[in-house]
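Number of protein chains: 2
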Amino acid sequence: MAKQNIYDNEVFFEGYRKLREKESNANDLFEIPALFSLLPDLKDKAILDLGCGFGEHCKGFIEKGASKVVGIDISEKMLEVAKAENSDPKITYLNMPMEDLETIDEKFDVVVSSLAIHYVEDFTGLIKNIYNLLNPGGVFVYSQENPINTTHSTGERWTRDENGEKLYVNLSNYGIEGERESVWFVDNVKKYHRMFSTIVNTIVDGGLTIEKMIEPLPTEELLEKYPDQRDLFHKPDFLLIRASRKV
Amino acid sequence: MAKQNIYDNEVFFEGYRKLREKESNANDLFEIPALFSLLPDLKDKAILDLGCGFGEHCKGFIEKGASKVVGIDISEKMLEVAKAENSDPKITYLNMPMEDLETIDEKFDVVVSSLAIHYVEDFTGLIKNIYNLLNPGGVFVYSQENPINTTHSTGERWTRDENGEKLYVNLSNYGIEGERESVWFVDNVKKYHRMFSTIVNTIVDGGLTIEKMIEPLPTEELLEKYPDQRDLFHKPDFLLIRASRKV
Numbered sequence: 000m001a002k003q004n005i006y007d008n009e010v011f012f013e014g015y016r017k018l019r020e021k022e023s024n025a026n027d028l029f030e031i032p033a034l035f036s037l038l039p040d041l042k043d044k045a046i047l048d049l050g051c052g053f054g055e056h057c058k059g060f061i062e063k064g065a066s067k068v069v070g071i072d073i074s075e076k077m078l079e080v081a082k083a084e085n086s087d088p089k090i091t092y093l094n095m096p097m098e099d100l101e102t103i104d105e106k107f108d109v110v111v112s113s114l115a116i117h118y119v120e121d122f123t124g125l126i127k128n129i130y131n132l133l134n135p136g137g138v139f140v141y142s143q144e145n146p147i148n149t150t151h152s153t154g155e156r157w158t159r160d161e162n163g164e165k166l167y168v169n170l171s172n173y174g175i176e177g178e179r180e181s182v183w184f185v186d187n188v189k190k191y192h193r194m195f196s197t198i199v200n201t202i203v204d205g206g207l208t209i210e211k212m213i214e215p216l217p218t219e220e221l222l223e224k225y226p227d228q229r230d231l232f233h234k235p236d237f238l239l240i241r242a243s244r245k246v
Numbered sequence: 000m001a002k003q004n005i006y007d008n009e010v011f012f013e014g015y016r017k018l019r020e021k022e023s024n025a026n027d028l029f030e031i032p033a034l035f036s037l038l039p040d041l042k043d044k045a046i047l048d049l050g051c052g053f054g055e056h057c058k059g060f061i062e063k064g065a066s067k068v069v070g071i072d073i074s075e076k077m078l079e080v081a082k083a084e085n086s087d088p089k090i091t092y093l094n095m096p097m098e099d100l101e102t103i104d105e106k107f108d109v110v111v112s113s114l115a116i117h118y119v120e121d122f123t124g125l126i127k128n129i130y131n132l133l134n135p136g137g138v139f140v141y142s143q144e145n146p147i148n149t150t151h152s153t154g155e156r157w158t159r160d161e162n163g164e165k166l167y168v169n170l171s172n173y174g175i176e177g178e179r180e181s182v183w184f185v186d187n188v189k190k191y192h193r194m195f196s197t198i199v200n201t202i203v204d205g206g207l208t209i210e211k212m213i214e215p216l217p218t219e220e221l222l223e224k225y226p227d228q229r230d231l232f233h234k235p236d237f238l239l240i241r242a243s244r245k246v
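If you read the protein sequences in the order shown, they are chains A and B. FYI, in numbering that gives the first Met the number 0 the residues of the first sequence are 0 to 246. FYI, in numbering that gives the first Met the number 0 the residues of the second sequence are 0 to 246.
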């Protein structure tokens, strides 16, 4: 099974780093607030962060009272930044792919993952591992690209009018799941497209109960500052889910 | 709150009747098999069918062992056909809109609805009523148009190449929920678009647990007989959900 480590590519790493430093990037505006809104009270909780990247969230969880955070990432370069910029005695950073979760011999109250799971081919195996890593009553909160996004691979994403205004999203192959190659700073970034129904069924069949789903959209207030974000009403960029292990 | 009774319109009624009589209509090929696949064992169960139309499903539930079926529909014309063609001592047909469910003073083991709920404006109120009508352990199974479908209102649904082959679904306004007017035999058939996340959250917030979701796609075998159905891989027509009342 492929374990993609695109973040250790030099070109990708620098491009990604600059994107995240932009003041109004989509993560800051939509994905991060939605992700944190789904988290339970973290006081005295043990947290596992899958694809923790630069470790900002790990640090954030400690600030919200977590007693222990384990952050894993496949990219050593990302973890170097995490250790330099977001270290804490309560945080452990582990360099490992998400596919190797069964090697972790601890239980957590919260498993969280920010925009990493659409890179994982075996979602069923991942959910099984997450279930096993959660304490009863534990919560899984994650974000991924919206399925209306992940289905896209080649060709133009939008149909525009004569003035260049976006009219439609060019949606195709939504029902054909699996690998998509896309260009994001470098060629051949591999993502895995899954339909809404497959995502829901995989989580439910893995023993977790779906509690909430968010497809973030801009508020009126945000649109005044960032009018381009109205395009999200055609197609939300993200999908976030909270699910729990009942017993 | 609008209670739309388009099925009592003469033109609509005849058009719809002819569509359902076609041998390879989308309901027979995809929606009905998926709906029945989600049903529990109906032996000795009490069933409520919301928007029962011609009553074929009500009759089918009796054939599968149900002890009692109540079918409701807003259209008197539809129920006249139901009573003539699909009557049974164990079936009661009631002429009422789905919005008036709180007037029913019984409990059911299964509440089912086939392609009717996208006509209902108040989904939250509907789910509340369904929860109250279900026995603990009871199951709600329903089908609706897929949200990728319901978002469409005016304009061309597809972008085609120079040979007329379908390239893309023209997706727009997915994030703008609410009324859509469409032409289906007659003008101004009103449907209500809701995002996947809103559908899931409304069901969960109403106290039901999501158990399974289906977006039906054609099998290889079916494609050999009906090659045009490959378009469904761009955009499934239907969404089906099974949810249960645990306590």
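Watch out, some of these pointers could steer you wrong.
If several chains are the same, the list does not tell them apart, and a pair holds so long as it fits within one copy or across any two.
Said to hold, decoys possible - Calculated lysine-lysine pairs in the BS3-like style (CA-CA distance at most 30 Å, straight line):
| # | residue 1 | residue 2 |
| --- | --- | --- |
| 1 | K106 | K89 |
| 2 | K76 | K245 |
| 3 | K211 | K189 |
| 4 | K82 | K224 |
| 5 | K211 | K76 |
| 6 | K165 | K42 |
| 7 | K224 | K189 |
Honestly, the hints are just simulated from the structure, not real lab data.
Going down the list of hints, with the structure as the test:
| no. | hint | result |
| --- | --- | --- |
| 1 | K106 to K89 | within (15 Å within a copy, 52 Å between copies) |
| 2 | K76 to K245 | neither (37 Å within a copy, 47 Å between copies) |
| 3 | K211 to K189 | both (27 Å within a copy, 28 Å between copies) |
| 4 | K82 to K224 | neither (34 Å within a copy, 59 Å between copies) |
| 5 | K211 to K76 | neither (33 Å within a copy, 40 Å between copies) |
| 6 | K165 to K42 | neither (45 Å within a copy, 53 Å between copies) |
| 7 | K224 to K189 | neither (33 Å within a copy, 34 Å between copies) |
This entry does not satisfy hints 2, 4, 5, 6, 7, going by the numbered hints stated previously.
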